[in-house]
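Trainee: Each chain, letter by letter, is given below.
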Amino acid sequence: MSCSRMEKQMLPFVDGRLKGSEQREVEAHLAGCAACRVRVNEFRAVSGLLDELPQIEPSGAFDARVRARVAAEPVKESWWAVFAPSPRAAFAASLLLLATIWIGSRPGNVNTNNAGSNGLAAQGIDPNDLPVLENYDILANFEPLEDLPQPVQGDDSDEIDGNQAM
Amino acid sequence: MARSDVQLMLDVKAGDEQSFALLLQRYRSPLVNFLYRMVRNREQAEDLAQEVFIRVYRARADYVPSAKFTTWLFRIATNLALNSLRDTRHQRMEISLDAPVTADAEDGDERTLDVADKHPDIEQHLVEETRKAMIKHAIDKLPEKQRAAVLLHKYQELDYGEIAKILSCSESALKSLLFRAYETLRVELAPLVAKG
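Residue numbers (our numbering), protein chains in the order written: chain A, 1 to 166; chain D, 1001 to 1196.
Heads up, simulated BS3-like pairs for lysine-lysine below, C-alpha to C-alpha not over 25 Å straight-line:
| hint | chain 1 | residue 1 | chain 2 | residue 2 |
| --- | --- | --- | --- | --- |
| 1 | A | Lys19 | D | Lys1068 |
| 2 | A | Lys19 | D | Lys1154 |
| 3 | A | Lys8 | D | Lys1154 |
| 4 | D | Lys1145 | A | Lys8 |
| 5 | D | Lys1165 | A | Lys8 |
To spell it out: a stretch of chain A is covered by chain D in this simulated footprint if at least three of its residues, at any positions, have a beta carbon under 8 Å from a beta carbon of chain D; those stretches are:
| hint | stretch |
| --- | --- |
| 6 | 4-12 |
| 7 | 39-48 |
| 8 | 53-64 |
Bear in mind the hints are in silico, worked out from the structure with no lab data behind them.
Because the structure is a prediction, the values reported are computed rather than measured.
Think of the CB as a built atom: it goes at the ideal place given N, C-alpha and C, for glycine as much as any other residue.
Go ahead and model the full structure; you've got the sequences and the hints to work with.
Mentor: Below you can see the structure in the form of structure tokens.
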């Protein structure tokens, strides 16, 4: 074992916390290394000095303060604890939730949403053709528009015409 | 037979307030001492120790005994101490620059030079107090993480694996950390070490 590797083993050796094989390895190194032997002895001395430091006692009011703070802590309840006083309400809420999920997942609901398009299908209109109504040509020949009064031609229209010409 | 820490904590989780009182009784002194050595102020140490117990109490519902109770407890304490030291670093620097160079004790708990007139052997008393002051000063001078490692190792007698978890480092890194700390202490306390 090298001196640098001894560094990590020195304190566990002083503490007597090394395993049998490690202990023997360190002892073998120390037998041939005076510098590490001196350092081990000095670490032992330091450890002994640290034992001399007195311990302090918590103040008399310490426990009372902790208890007061614990007593002031809000009671922690889970979300479901809201229903704890009334199991019937919990049961009713669960049934309502299940019913909502069931109704929402019924395939009929999908058809209701598409009722309008089904009506178009009955009339032989493909719903995909609906956007074509925005086409100018169709709007220009749209019969109901013929009943409307013709717009008055003004300066603005000239401008528009001019723009269109460009 | 005394219930283990883990059992007590599980009982607290089950709603037994008396078990919390037992944990408080068991760990108030080690915690206050550890925090006092870390932050070097008794009042602050007690406030932080209270905070540790409150956090343990708040976490009771989610407590799972995946590690030793002491590992968890001192991890909370160490984090609180390191945060507190970080938060008050600027303030402490100002105080240390302004403070008169007199007694070593910062809050009167260990009055090193307060010699009692009626002490039978004043010289002996002075020697002892100076010795303690030197040891305390040497520990105080250690970098925060090294200090925490030494305190947990020496005074709480936690094993290396536990301390490594508390300080969020590997066991190997912890051994290096402790070696460096003891090296510093060896140099700082050289006059006492030499006397044996």
